[in-house]
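Q: Chain residues, written in single-letter form:
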Amino acid sequence: MKNIFLFAALILFSINLYAQNAEVKIKTSAICDKCKNTIERDLLFEKGIKKASLDLDSKVVTVAYNSKKTDEQKIRTAITKIGYDADTLAADSVAYSKLPDCCKKDVTGHR
Amino acid sequence: MGTSAMLNAQSITGTVLEKDSAGKEIPVPFANVYEVGAKSGTQANEAGKFSFSLPGLPAKIVASSVGYVNDTIQITEIKELKIFLRKGATIEEITVESKRQSLGFSTVKPINVEMLTGKELLKAACCNLSESFETNPTVNVSYTDAITGAKEIRMLGLAGIYSQLLTENIPMSRGLASSFGLTFIPGPWIESIQVTKGTGSVVNGFESTTGQINVELKKPETAEKFYVNLYEASTLNTELNMYHSKKLNKKWSEMLFVHGNLMEKKWDDNNDGFIDLPLTRQLSIANRWRYDSGKRLESQLGMKLLLDERNGGQVSFDEARDKGTTNAFGTGISTTRYEVYAKAGLVFPEKPEKSFGSMYSFVYHNQDAFFGLKNYDATQKNFYANLIFQNTLGNKNHAYKTGLSLQADLLHENFTQNSVSVRSDTTEITPGIFYEYTLNAKDKFTAVMGLRADYHNGYGWFVVPRLHAKYNFTPDLILRVSGGRSFRRPHPLADNISVLASSRNILFTENIEPEIAWNYGANVTAIFHLFGLETTLNTDYYRTFFVNQFIADSYSDSLNILFYNLDGESFSNSFQTTLNLELAEGVTLRLAYKNDDVRSTYNGKLQSKPLVAMHKALANVAWEPNIKWKFDYTLLWEGKKKLAYSSAAGNENVPPAESPEFVTMNAQVTRVFKKWEIYAGAENLTGFTQDNPIISPENPFGNTFDATNIWGPIMGRKIYAGIRYSIR
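Protein chains in written order, with my numbering: chain A, 29 to 139; chain B, 1237 to 1964.
Hint data in this document are derived by calculation from the structure and do not stem from the laboratory. Each residue gets a CB set at the ideal place from its N, CA and C atoms; glycine is no exception. Any given hint could turn out to be false.
Unchecked claim - Some chain A residues judged to face chain B by a derived CB distance under 8 Å, without partners named:
#: 1; residue: T66
#: 2; residue: L72
#: 3; residue: E74
#: 4; residue: S81
#: 5; residue: D83
#: 6; residue: D85
#: 7; residue: T90
#: 8; residue: Y124
What the hints assert, rightly or not - 25 Å max Cα-Cα, derived PhoX-like pairs, lysine-lysine:
#: 9; chain 1: A; residue 1: K62; chain 2: B; residue 2: K1531
#: 10; chain 1: A; residue 1: K132; chain 2: A; residue 2: K109
#: 11; chain 1: A; residue 1: K132; chain 2: B; residue 2: K1461
#: 12; chain 1: A; residue 1: K126; chain 2: A; residue 2: K87
#: 13; chain 1: A; residue 1: K79; chain 2: B; residue 2: K1864
#: 14; chain 1: B; residue 1: K1637; chain 2: B; residue 2: K1590
#: 15; chain 1: A; residue 1: K109; chain 2: B; residue 2: K1590
As the list claims (entries may be wrong) - Now the in silico label distances, taken between C-beta atoms and shown as ranges:
#: 16; chain 1: A; residue 1: V122; chain 2: B; residue 2: T1775; range: 53 to 59 Å
#: 17; chain 1: A; residue 1: T116; chain 2: B; residue 2: A1903; range: 33 to 39 Å
#: 18; chain 1: B; residue 1: V1551; chain 2: A; residue 2: V122; range: 56 to 62 Å
This is chain B alone, in the form it adopts within the complex (with noise of 0.2 Å):
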């Protein structure tokens, strides 16, 4: 900072205070008031007073406090202020950010959470969660394999099905959906993303290993009153949203989400026969209603219906005349799927940070998938409930949420292969119970300490603590530790439908026992300024290991997938540092480097995971000269990943091989105008693909034949272009 900003420093003095609803005014005590930028801040007394100094005028401050919206006012002249605070939505949890960049890194929550906002989800114009974080270093996707168009995400070098995909807290994607469940929220139905890096709240269950992703949608009280986006691809791929949101009366309010994409035109640009990005159909409804009483009561109920459709294999395969015959080889993989929630907190407005809240949601989801000969269809019905109470301990700085949850799966799967069929039913119901305890000293340490204990059917009991510290060396240099235990029913088949797409057989060598991890890891958070232009970095270690885990064994046997029990060592390390700097007013520049070792003990013998790259990078450049254009870069480097096919091929003796490391690079430029949008860029810009994606494409009912093996882009350079409407 310069002496000139030393010489104007001011000091201002207030009072942060609310309306109640006589319209008196009343103190908020403990508020935080902070410069934007955070260069300068305090805290509030008990009767709401505060002072301190800024560098100078005008100046933006902030004041927030847990249970109400935040307030920014403008500060041009040096008088007593009075920051008047509204009481906040208390349904969903409530989230303090101090600073909105695109990709804000929270100083003030205990757990490490990277907060995507709406800004950095147009930086992919296309289509659905999944490419939501292709700008995001922390949660990579990737393609399972070269027929379906699966994506899977992968987090702590560990695959999504360790981490807890969650839609407004509700855990969405479990089970069956867990192959696809991330191409199943349109892209622009989001609001905003958390991302949780290592273990997270025993509030939302005992799963959530590595981290949890929840996905915010639009809200009715919030959103445009109306909008529109087409897209269109090179690939011929269309999609269509929609959505409208209308307030209906002081209490109601009601929003309609309709999606819908088309991809039907079979490309082989590599020429092995196969095409190389499934046909899809999709369409996809949601309907949400929110009430607000405007005293004690909140209420949300939602729907959502989806159907889909995805179909790959052979350019010749005709379904009709096809499946089921070794004519051609074909995939189809159909969805159906309902959701119902509803959501009803219950709040005191004399106490803001008492509530209560409840969560209930029901889901169908049937699923219908050949993949040549074998077929897999499956039904999950899954009930959820969770019931949450919060309250503090005598004063703010000990605050506590208890309650009890409810996950109900009745799973119907039937699967062949060879021409014999496996039937099997399972009913698990898994009551559980939960505390947490928060302390908050002083604004500089903050701890949450977590317990649960579920009974599951057909496993008995199991205990989950968990435990987040965050303590601030000063308000820009911040250290968290969290560590826990976490426990999973593994879905062999659904979470792993991909490994149809190879001749290997499924061999089951035993039962199948629930999967027991713990997770522990620090993350440092510091922002500091560089010629006076922000600047964070964050890096954090994390590391998992598995007392058991499921798993796919594509290394042992070349004719089978084998399906068994951890006998033995499985871990992940994980390091991951990102530093996202302003290089000039609307420049923005981030950096990433990550580090994942993963290892699984397979056949006795400690291995790395096929597929995984030690080694990555990012780099995303964003500018945005005025409101009117933004353009947006990013730069993906990947290394070697190691390959299970090569005892596949029938060389048992050779060491699995390695793939080539790779760089990709995706571009766009969005024109902004009062209500229109236009927006146009390129993946893959080099158009860099894997060769060979599939094994033996020539022979597809041979036993050697494999597209599992995935390290690659599969599709070159895809150009799109689209357009937004809203009214606001």
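The shape of chain A in the complex, shown without the other chains (with noise of 0.2 Å):
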């Protein structure tokens, strides 16, 4: 017990010891729940994206990041291929014409 203790603790201090903390915040194209939970849930695959929290009424997400594995150019990227617009670039298309219809920005009268 107490040895699964203590290895966690060193691998959590590992972690902090070599990560460079950084955040960013990014406009996105999140309408509704759906889009809040899908970017917050998706983000935290990517490389290097520690933490991430979208407020919908300002439609900005703040994402924590280790800048050694990623860059806010990345993150980006990352925001358009889930299929939200991210500050200046445009959604993916692809990725946008599979989201679910409240998701979509030509529905109208959501929130």
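Assembling the complex is the task here: the two chains are given apart, and the hints tell you how they should meet.
A: Here it is, written out as structure tokens:
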């Protein structure tokens, strides 16, 4: 039991030691809770991204990442591949077409 | 909290609003607004205005109000906030949860509820509701005999029949389903489980002596579009789960579930000639529909079909050749079950606290069972209806629920032992009326007082009062008390089907009377921060005592199990303390200790209930370094248990023996991809098993054969692996 804790603590410690923490705010085209969940979840699968949280009112996603492993432009590209605009980059059209109806921009009257 | 945080404290102000149908912004009065982690928070005033200070930025704050969906927002700069809430679902009980850990102890509800979310449920990859509690200390699950694979839950030290099992607030596991009902709900269908400790609300009926377990299934409007899960274990148990959900149009959504499991390999690792795990075949299909008019009416319809077969006994047993003979001992239970249910709710958009809800269900349950030369065939038809109206009295501090309910059961049973058949037909019709008042004083003190009266066609009137109260000393220190009476009509054979797995005969020594019990207890929840990481300490003590109880006595007579009514004392005192702590980001530890003192009067002597461990402890560590990996490890320790068999073995003067204490461990690893998940794990890692689970296995038709004294695992280590695929 004790060993497990030590092992876990060691790993967490080593992660912190080598990480170069950075944060970026990116404006997206998210519309609803579903978009929020998709972006927040899918971004976590990208290399170097540690945290992502999207504020629906401002549509801004705040991403915490390790600057040794990724950069702002890669994160924007990742967002477009999920199907959303990222600042000035437009959404990947194939990914966009696969989004659920409520997440598409031309739907009016939502939120 | 450090000084830097104090220096950075920011005052934040804003308004909680909703948009009405015309898009106009109207205030939501008295909403709770707080920072995630609940370090600070406040209640909005009548005009929806609030103001409080945050320890620093950025911060996440949550706004919640009964009848609305919670909204979480990230605050990065100080500005006047506008928080919009949307109206929430009203047919289901509204769950206002401030925290969403995998095992959440609510700080909002007056009732002691533990919420097991999907995250917690995934910790046990397999297979059905009974496994869902493997990492939960409140509900204990154990096999009831060495042959059928029936699993029994225990809450507060008492058998599962004393807690009420609900599926989306409809009682679904009554009577015949009480033995196997837990294995009839596939794990992947479950969205969340709410475990209520202590007496339940009067709204759900007169049962629920020790608690309520409400299972919420996946919902068509929120579930993944498509999901499939395939599971394979080293025991060659294969499981398949699938569901799909579809929004048909703005008003209708639909969902279809399929579950199948198969285990056909005869294992006999302990070489006693009996298979260690029953052979099982199960197919279960469910379909549910939801209608939301977007205005006043919401409705749900659902149906479920279940076919289940399980066989056990001697390895050499061949049903076609040996059933009804003494060539070899075998058991078989085959179940067919249909459920149909409907719910309809009327909401009043201009007054969200007011609603009318109704639920109806019809269940047909047929079970044909044989245990060697004993037979038990039974059919139950049940109709249930519950109509609930809720509203406030003047303002939101005084609310009530009132309504009418009906339970109707037709039970046909045919029981054969020693070549004598007894047939019994029971008709039970129980209409009832209830009223429940909730007082909410400034969110510091909440009290729920309920009263119901039911008229049973055989036993007449009975009255069930219940009380729940909660006091918040601070938002992070909460005291709850509860007390109430309950009533239950026992179904001696259906409730105790496992006793048939013994050579002893069933002997009814008198007519069985309804069971009446009182339960009361208290609970303290404390949330605090150790090194800035959240820690929850939950401690409770509950006592249940029976005015009348149905007793299945396996102590007093070596040749028979005696069925009679309690004459004397019977009680259960249960203490539990659970510590949940975050060791570091992504690492959580749960430690629990439980003490159950359960005693009944058997033949004039107050004795511990057999097969209940007085001391139990659990440790669970979960580690999620990132979204891609999840590790989980559980250790369970069970103390000594009283056994009832020594007198059955013919030594009537020897006091009942005790089982040894033992430890079992489970572990699991999950790798998550965007659409796929792969998991692998082991149950009973150390492979600990009970020696000689069956007494006299060499002579199953002699008079000392007994497979009911099960205190530990029968099967050794089980390794499993599986995949999940989902389209969101």
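Q: Given the hinted pair K1637 (chain B) and K1590 (chain B), is their alpha-carbon gap at most 25 Å?
A: 10 Å, holds
Q: Is the hint on L72 (chain A) kept, meaning its closest Cβ partner in chain B is under 8 Å away?
A: Check passed: Cβ of L72 (chain A) comes within 4 Å of chain B, closer than 8 Å.
Q: Quickly compare the C-alpha distance for K132 (chain A) and K1461 (chain B) to 25 Å and report which way the hint goes.
A: Holds, at about 17 Å.
Q: Could you check if S81 (chain A) really has its C-beta closer than 8 Å to a C-beta on chain B?
A: It holds, given that the least Cβ distance between S81 (chain A) and chain B is near 5 Å, below 8 Å.
Q: K109 (chain A) and K1590 (chain B): Cα distance at most 25 Å?
A: 45 Å, violated
Q: Per the hint of 53 to 59 Å, is the separation of the Cβ atoms of V122 (chain A) and T1775 (chain B) within bounds?
A: 55 Å, holds
Q: K79 (chain A) and K1864 (chain B): Cα distance at most 25 Å?
A: 13 Å, holds
Q: Hint validation: T66 (chain A) versus chain B, beta carbon distance must be below 8 Å. Holds or violated?
A: At about 7 Å, which falls below the 8 Å cut-off, the nearest Cβ of chain B leaves the hint on T66 (chain A) intact, so it holds.
Q: Are the Cα positions of K126 (chain A) and K87 (chain A) separated by 25 Å at most?
A: 20 Å, holds
Q: A closest beta-carbon separation below 8 Å is what the hint needs, so does E74 (chain A) meet it against chain B?
A: 10 Å, violated
Q: Is it true that the C-beta distance of V1551 (chain B) to V122 (chain A) lies inside 56 to 62 Å, as the hint says?
A: 57 Å, holds
Q: Run the distance test for K132 (chain A) versus K109 (chain A): straight-line Cα separation, threshold 25 Å.
A: Between K132 (chain A) and K109 (chain A) the Cα gap is close to 14 Å, so the pair holds against 25 Å.
The structure fails to meet hints 3, 8, 15, 17 from the earlier list, while all remaining hints are met.
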